[in-house]
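Colleague: Listed below are the residues making up each chain.
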Amino acid sequence: MTPPAVNRPFLSPTTRIRVWYGLLAIIMAVFVVRLFYLQVIRYNHYHIAALQTQLKQYEIPPARGIIEAHEGDQVVPIVLNEPRYTLFADPKYVKDPAQAAGKIQGNIGGDYSQYINVMKQNSRYAVLAKKLTKEQKDKLDKLNLLGIGTREEDYRTYPQGPLAAQLLGFVNDEGQGKYGLEQYLNKELQGTPGELKAITDAQGVPLAANKDNVLKAPKSGDRVTMTIDIAMQRQAEDILKAGLDAAKSKSGGAIIMDPYTGAIKAMANYPTYNPGEFYKVTDANAFNNNDVSSPLEVGSIMKPLTAAAALNQGVVNANTTYFDPSRFTIGDATVTNIEEDGGPGTRSISDILSLSLNTGATWLLMQMGGGEVNQKARDAWHDYMVNHYQFGKPTGIEQGYEAGGSIPDPDKGFGLNIQYANTAFGQGMTATPLQMGAALSSLVNGGTYYQPHLIDRTTAADGRITTKQPTIIKNGVVSANVSTTLVGFLENVINRNHITYGMPNLRSQFMIGGKTGTAQIAKPTGGYYEDKYNGMFMGFVGGNKAQYVIVVRVDQPGITGYAGSKAAAPIFGNLTNMLIDNFGVLPKS
Amino acid sequence: MMSTSQRRRPSTIDAREQRRHRPDYWLVMLATALIAIGLVVVYAISPGLDKNGAGGGYYVSKQFMAIGLSAVAFLAVANTPVQWWRKVEKPMIIAAAVAAVAVRLFGQRVNGAYRWIQFGGMSFQAVELIKFALLIWLAGFLSDRIRRGALNNYQQTLKPLMIVLGAIGAVVAVFQSDLGSTGVMVAMMAAMVFVAGMPLKRVGMIAGIVVIGTVLAVASSGYRRDRLLTYLHPERDCQNAGYQACQALIAVGSGGIAGLGLARSVQAYGYLPEAANDSIFAIIAEKFGFIGVTLLLAIYAAFFARLKAIAERAPDDYSRLIVMGILAWFSTQALINIGAMIGLLPIKGITLPFISYGGTSLLFVAGALGVAFNISRYTTFVPQTNQPPNKEGASRERFATTAVRYRT
Numbered sequence: 001m002t003p004p005a006v007n008r009p010f011l012s013p014t015t016r017i018r019v020w021y022g023l024l025a026i027i028m029a030v031f032v033v034r035l036f037y038l039q040v041i042r043y044n045h046y047h048i049a050a051l052q053t054q055l056k057q058y059e060i061p062p063a064r065g066i067i068e069a070h071e072g073d074q075v076v077p078i079v080l081n082e083p084r085y086t087l088f089a090d091p092k093y094v095k096d097p098a099q100a101a102g103k104i105q106g107n108i109g110g111d112y113s114q115y116i117n118v119m120k121q122n123s124r125y126a127v128l129a130k131k132l133t134k135e136q137k138d139k140l141d142k143l144n145l146l147g148i149g150t151r152e153e154d155y156r157t158y159p160q161g162p163l164a165a166q167l168l169g170f171v172n173d174e175g176q177g178k179y180g181l182e183q184y185l186n187k188e189l190q191g192t193p194g195e196l197k198a199i200t201d202a203q204g205v206p207l208a209a210n211k212d213n214v215l216k217a218p219k220s221g222d223r224v225t226m227t228i229d230i231a232m233q234r235q236a237e238d239i240l241k242a243g244l245d246a247a248k249s250k251s252g253g254a255i256i257m258d259p260y261t262g263a264i265k266a267m268a269n270y271p272t273y274n275p276g277e278f279y280k281v282t283d284a285n286a287f288n289n290n291d292v293s294s295p296l297e298v299g300s301i302m303k304p305l306t307a308a309a310a311l312n313q314g315v316v317n318a319n320t321t322y323f324d325p326s327r328f329t330i331g332d333a334t335v336t337n338i339e340e341d342g343g344p345g346t347r348s349i350s351d352i353l354s355l356s357l358n359t360g361a362t363w364l365l366m367q368m369g370g371g372e373v374n375q376k377a378r379d380a381w382h383d384y385m386v387n388h389y390q391f392g393k394p395t396g397i398e399q400g401y402e403a404g405g406s407i408p409d410p411d412k413g414f415g416l417n418i419q420y421a422n423t424a425f426g427q428g429m430t431a432t433p434l435q436m437g438a439a440l441s442s443l444v445n446g447g448t449y450y451q452p453h454l455i456d457r458t459t460a461a462d463g464r465i466t467t468k469q470p471t472i473i474k475n476g477v478v479s480a481n482v483s484t485t486l487v488g489f490l491e492n493v494i495n496r497n498h499i500t501y502g503m504p505n506l507r508s509q510f511m512i513g514g515k516t517g518t519a520q521i522a523k524p525t526g527g528y529y530e531d532k533y534n535g536m537f538m539g540f541v542g543g544n545k546a547q548y549v550i551v552v553r554v555d556q557p558g559i560t561g562y563a564g565s566k567a568a569a570p571i572f573g574n575l576t577n578m579l580i581d582n583f584g585v586l587p588k589s
Numbered sequence: 001m002m003s004t005s006q007r008r009r010p011s012t013i014d015a016r017e018q019r020r021h022r023p024d025y026w027l028v029m030l031a032t033a034l035i036a037i038g039l040v041v042v043y044a045i046s047p048g049l050d051k052n053g054a055g056g057g058y059y060v061s062k063q064f065m066a067i068g069l070s071a072v073a074f075l076a077v078a079n080t081p082v083q084w085w086r087k088v089e090k091p092m093i094i095a096a097a098v099a100a101v102a103v104r105l106f107g108q109r110v111n112g113a114y115r116w117i118q119f120g121g122m123s124f125q126a127v128e129l130i131k132f133a134l135l136i137w138l139a140g141f142l143s144d145r146i147r148r149g150a151l152n153n154y155q156q157t158l159k160p161l162m163i164v165l166g167a168i169g170a171v172v173a174v175f176q177s178d179l180g181s182t183g184v185m186v187a188m189m190a191a192m193v194f195v196a197g198m199p200l201k202r203v204g205m206i207a208g209i210v211v212i213g214t215v216l217a218v219a220s221s222g223y224r225r226d227r228l229l230t231y232l233h234p235e236r237d238c239q240n241a242g243y244q245a246c247q248a249l250i251a252v253g254s255g256g257i258a259g260l261g262l263a264r265s266v267q268a269y270g271y272l273p274e275a276a277n278d279s280i281f282a283i284i285a286e287k288f289g290f291i292g293v294t295l296l297l298a299i300y301a302a303f304f305a306r307l308k309a310i311a312e313r314a315p316d317d318y319s320r321l322i323v324m325g326i327l328a329w330f331s332t333q334a335l336i337n338i339g340a341m342i343g344l345l346p347i348k349g350i351t352l353p354f355i356s357y358g359g360t361s362l363l364f365v366a367g368a369l370g371v372a373f374n375i376s377r378y379t380t381f382v383p384q385t386n387q388p389p390n391k392e393g394a395s396r397e398r399f400a401t402t403a404v405r406y407r408t
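Read top to bottom, the protein sequences are chains V and H. The first sequence begins at 1 in my numbering and counts up one residue at a time. The second sequence begins at 1 in my numbering and counts up one residue at a time.
Excised from the complex, chain V in its bound form (with noise of 0.2 Å):
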């Protein structure tokens, strides 16, 4: 059966079938064109835009070199690195704050509250915890947390905690030293951060194995070894706190250094602090190193040095003898014996260290100058401390925040020879306890000014070692034989005094000798503290020859008596015996 015939519509279904899909091919191959366009043509452009999208550029923190220390005839760390995490939110992606927040107190403990705050902070990068443990963070990884992440950051570690924290100084938040050591080595220390140039994701992370990747290998900061015996440094501290201690004392500090390189052995501050935990310290001077970063009047410790000069200056020989009235005026001042100083009478240059007259260093002092205190005698005495003893400028040595301290100028001011008689016998001039210790160690040494160091070597990432020589920085600081005179001086001084300082037993097989200051303190106002004193000792142990060089320094110390001889040489007579005890002072032979 044929069926009926219909209307024929314009055209048949199946070319409205074709054409539709004609249609269809029409637009499929518009596309290919337009891909042909896109990925073909513009190729260059868009492979630039995406490269400037994609490809990011980073910093590579480099390892933070760490610090060693002597220990005996070994080489042992006192500062190291140890990876902690930081926990940090991305608030962004947090969708339950409360609940994230009470994960994390109940696994690493901390503010809830305080948790749920940074997590409502508007930024992408919320800091939620700092320095947290491997385990801590094994913790927090295993809850899988939304929007939560940890990230490794280098922090530094102290095997002999808060040993020489002052020297070492501390790494702040930012990676950068602070104080001591970190800070003046800052840079070696910190090394070269390494660059990567990294195709990433959208947050920043490198997707790997892309041959867009530059990589600048990171270098690691230089390994420093100081020059101090870590045993020695612990003995020199744990001495100190005692000594300071029943010197009812609140602050001091003590040196110990070689006298034939200038190699700081021992450098103890107190009161000290943990680097460690640097932020919890709420009174900044307890970073200050200050035996390098405070210069103070060293009061009486100076007269060694005045009496060497005037020695070497030929202006007095050791025998010479002179009489001593017990007080000179000067201008409109009058110089005085604070001391007990058995009134006027003939006196020895070894009777001006052994009686710390104050009046024998005025003598000396006028010595140089043909009979009284004048241009000549500040002039040649200027020169002695600046250009001989290295006063009034840094010495060098590797710490933040060295002092110079300051010497009178010879030529100008008010009261130049009163001034200049009081530098004689340390007051009126500042010095740090360090610049202090560098110039006896010259007096001993037979003449020889070395700078004083705390870094004995340091290694480079590459294995290169860079060993410290001795730097001399003056020869001929005095003659041989002046140094010779004056180290017997100095014993003298002990001998004499032994008893009133504190050290009963003296070792006479060594050799051990020194001069104590009792300084006055000058007023922020102009004047000095009728009640306060700092007290000073300086001087050396050794056989024949001297072999540590020691400066103590008490601060205010809270007993009655002369604080050097009463707060310091107590001090000075322990730092002996410790080095004669455990630190192979060699005897006279």
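With a Cα cut of at most 27 Å, we get these calculated DSS-like pairs of lysine-lysine:
{"#": "1", "chain 1": "V", "residue 1": "Lys-197", "chain 2": "V", "residue 2": "Lys-56"}
{"#": "2", "chain 1": "V", "residue 1": "Lys-95", "chain 2": "H", "residue 2": "Lys-62"}
{"#": "3", "chain 1": "V", "residue 1": "Lys-142", "chain 2": "H", "residue 2": "Lys-62"}
{"#": "4", "chain 1": "V", "residue 1": "Lys-92", "chain 2": "H", "residue 2": "Lys-62"}
In short, the hints are calculated from the structure, not lab data. Small disclaimer: the values here were computed from a predicted structure and weren't measured.
Starting from the known structure of chain V, arrange chain H on it as the hints suggest.
Modeller: Here is chain H on its own, set in the frame of chain V:
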């Protein structure tokens, strides 16, 4: 007016079963190829999708589940006689209407559009069900009108069509703010009405109404205005409104001739939004380059050609219209998606059929494919409607017992 009084009646199921032959396996193989490409790409970029800490395998295993579910749906539908769908028109329309209302009431608003309904742990894209319901209903509706010769009748045909068009516009475009899917459905209606034989004048009239409606819809929503402006000048606002368009172009363009390689895509790592779903074409272009996407378009073209062939040789009007609707659905959706990725169309937020990650889309696409696959068992040897009857009055068709004889 044409007289369309006497056209072929649909065959009975028994008669059809006698004409059953080998189905079009090419159709399934091409679709499987597309699904496989999608799966491989989702797998390759899954580390970059892992922004919720779900693990890279999460997306792939979820996509495997969707593929499994879709395969079951495909097999079930492929073995369902096509006439069966005529019986479920009403329930499907009701289900689609419920879904359309539910998505607005309970749905999630994503990127300014209401698309997802959550139930249990699953989310469901309501618009996919609406598309499928439209396909089934419209094929039945138009084939009925053809049989009655009422295709040009205003009251019987045009008016209901306009109402449905308006309803889709209101529900999908306005309420759900889903202009992309609206476009797909309008294209489905246009294709089916066109192939049903509606005079071009009428088709043109409806097209005019659609254009006016589209302009109004765009003008009425800030979200759509933004998207249109972005489309016109994506580079002007690459950081905000034009971000996806710009990043898509960067992905496509930086692929070059040969592409970066399967594992080397960068744009998928957080730069290009919806890298596994709506933007997957751009990622494919980045990975496989001009050669790769041209091949992909060729696979699509071949796939559409199979659908076209089935439509041409469909045994009856109903089958032809359904297959035509499916062809329009898949092709329009693919073209809108790809067009947006290559900067020729505004970003619409619809999936690339068979390839995009996502269960609902794949499930309904596989279902529709099952319908076409079923019909491919009953195709005639040559196109039915294009062949004038031979001198004997018998058609040159392989199995057909009836043929249209046009007045000459």
